[in-house]
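Engineer: From first to last, the protein sequence lines are chains A and B.
Sequential numbering from 3 applies to the first sequence in my numbering.
Sequential numbering from 552 applies to the second sequence in my numbering.
Treat each hint with caution, since some may be false.
[Claimed, not checked] Facing chain B, a subset of chain A residues (Cβ under 7 Å, in silico):
(1) Arg21
(2) Phe23
(3) Val31
(4) Pro42
(5) Asp45
(6) Ser46
(7) Asn48
(8) Ala50
(9) Ala51
(10) Asp52
(11) Leu54
(12) Ala55
Derived from the structure by calculation, the hints contain no laboratory data.
Where is the CB? At the ideal position from N, CA and C, for every residue including glycine.
Listed below are the residues making up each chain.
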Amino acid sequence: MTESTHNPPSPKKKEPTRRDFLLLTAGAVGAVGTAYFAWPFIDSMNPAADILAQSTVDVDLSPIPAGQAITVVWRGKPIFVRHRTPKEIKEAEQTPLSQLIDPETDQDRVKKGHDDWLIVVGICTHLGCIPTGNKPTQTRGKYGGWSCPCHGSLYDTSGRVRRGPAPLNLAIPPYTFLTSTQIRLGVDEVAHG
Amino acid sequence: MGKLANIARWIDYRLPFFSFIDHELREYPTPKNLNYWWNFGSLAGITLVVMILSGIFLAMHYEPNTKEAFDSVEYIMRNINYGWFLRYLHANGATMFFIVVYIHMFRGLYYGSYKAPRELLWILGVVILLLMMATAFMGYVLPWGQMSYWGATVITNLFSVLPFGESIVEWLWGGFSVDNPTLNRFFALHYLFPFLIVGVVILHLIALHQHGSNNPLGIERKEPRDSIPFHPYYTVKDLFGLGVFALIWSYFIFFNPNFFGEPDNYIPANPLVTPPHIVPEWYFLPFYAILRSIPNKTLGVLAMVSSVSVLFFVPWLDTSKVRSATFRPLYKWVFWGFVVDCFILGCVGAYSPDHIYASLGGLSNQTLGQVTTLLYFTFFFVALPLLGIYEKTKPLPKSLSEPILQKKNIANVSASIFCLFMIGSLSPLYGSETPTLPRENWSFQGPLGTFDRTELQHGFQIYKEVCSTCHGLKQIRFRDLAALGYNHEEIKAIAAECKVEVIDDEGNVIEKPALPTDTFPNPYKNEQAARAANNSALPPDLSLITKARAGGPDYIYALLTGYEATPPKDVHLAEGLHYNPYFPGGQIAMIPPLSEGLVTYNDGSQPTINQMAKDVVTFLSWAAEPELEDRKQTGYKVLIYFIVFTILMYFVMKQVWARVKE
Ligand code: FES
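Please put together the full structure from these sequences, using the hints given.
Structural biologist: In structure tokens, the structure reads:
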């Protein structure tokens, strides 16, 4: 730090610059190398190749009667597949956006022409608990959708959050209707089916 | 700048971290004449850190359970991102660690670095070596291959010579044989021991810094100009050494990763079959040779234990007042003789006791082992004590700065050349014990080789149409076939041709077409079914076959093409067996699998037996090493990087040291 003060300009002035250059280059090369060395270690903790590949699940919808729901596992997460009654659909469609915590229309949350099917990721957007209401014996809460046992969040028949602390609506996984009674989770319409 | 300095000062006043670093790493006065042999201490330290790091990341994916362990290692190799890199880094790292530490110790022996006041420094080093041996041994068990299992069995059985040996061994195993409890505890301890090593390394460094490094002249420093600060002189020299070391290590990781390994360890552990030729890892071979050279169990174990523990007493066995071999004309030669002796012991350990060296006039391995064992102990118990008394040493220089000593020591150079020559002349000791295999030209061999895509696809066709009726390929998933050049739709179609069993909603086992994410199904329901269908022979799974046989692809090729319809007269074929000179024992249950025109290649090329064998072996080599192309490509980048790094560090070193030379 104090070196510069007792470094009088000398005839050898050229030398330090070449030396500095060499040191800088060496330092840079070392830093780049260290970063590259760290990457395989970090990347090894990412999902492995086979886990990434295991990304689609086909679900048969025909056995689910209106008003009921099933839970399927996709990428290790519970997916709620719910066959909605006309009344539930109407409720969901007629809720004014102004009453919503995370405003979103019901249309945007179902596939066109398949609005009797609501398919959401069954994980509460607050801190990750599984809301109840998917089984007939479970309470669905005031809004007829799901209710989270952990901190009391309530969801409606469109899977939208109606009472906190959850900040967001239940997420919609990527899926495609293969036929009117079969869906494939993990691929969106645009992708090859 | 000023702020930072203030914070540093605030911390340092309370926790003298910065002054400690400054004192012990930067200004730490070091003899100015250390040569490159002094690089190996820091290299060992760096290797330890890399081993711990790679080990922790491997442990995140490894399953310490006898049912899962082998496959989980393959899972790491095939599915975890850079898993092959981490595993090969770690496996070859063990080898590198021992090379570095052995050189470090030989350096200490040559320059008398264990003499007063550095006895404890040396002893702590021996403790580190012992901990390393235990760690390496337990680590080798974890992949749960045949060598892992039988190595564990043999080594733990050494304890049976102790009083109450039987109970001790059962206590070590946690059962009546090496089994799941053993694997579990070895994993736990394999994770723990490196941190014990770190602890002892810290003690080793504290002891080192008490009196500072020894040096090639072996005399203490007398005046300030004998010393230079550790930084930047030795930091940069160590970095240069690190560059060279990393080049060698990388070569093995990326281009020859199984060089130090045993093919048998790619066969899953089987408690009912011992491999015909079991050997420990190379770094244990000399000690193993000593164990075997004595034809009595208790005495053999005793000899082996003493061959390591004698190192603890070296500071007192060596009676010489002079440290460095530079001034000990006799010891110098004795030392190099000892080095050569250790190498020969290593070769002896690699062969079975009744191996005969034709090139050495029919000398038997047993005799050679006994002679070299005797020489090994002679060095410690005769040469070291007596030389100190009778040897006439050369006059010592007065100080490290005495200019007369800058000239090259001719005797030194010639002694090391002699040693290298002797070690080189040992090469005839290394000879293959299996019949020599005809060498094929493989598309994937050599540092530049890549798999020939046509051969891969043809080979896969042969596997599918011929081999797969008896042999599984359980480590491969259908989607892996993308590497052969198939697209998603083709892979889906290939997978759908195979059936897998799943459980339906009512709990029944049903058959379903396989998905690309499924692994290749096994042709048999279980081992019993496989044996029943094959005259009680078990068709091995082919996922790793080219890695699991000595000779690799050449061996499989020779086996496929080497059937002889009429066996030699002295061979009596057992019922249902076929003669094949390349198969150990010559009699194999597999019927000759290939015949002219067995398959039809859709590109119209000729399916001759040789061509089919070549294709299928190429395919199986890919199955065993799907990472091969990726590995080599990464390897080139790494090598180029370290060449640049090393050259740069060399010039930085020259610049920095220019100030010392005058
Ligand atoms: S996790 Fe559902 S409300 Fe907190």
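Engineer: So, for every hint listed, does it hold in this structure?
Structural biologist: We went through each hint and held it up to the structure:
no.	hint	in the structure
1	Arg21	holds, 6 Å
2	Phe23	violated, 10 Å
3	Val31	holds, 6 Å
4	Pro42	holds, 4 Å
5	Asp45	holds, 4 Å
6	Ser46	holds, 5 Å
7	Asn48	holds, 5 Å
8	Ala50	holds, 4 Å
9	Ala51	holds, 5 Å
10	Asp52	holds, 5 Å
11	Leu54	violated, 9 Å
12	Ala55	holds, 5 Å
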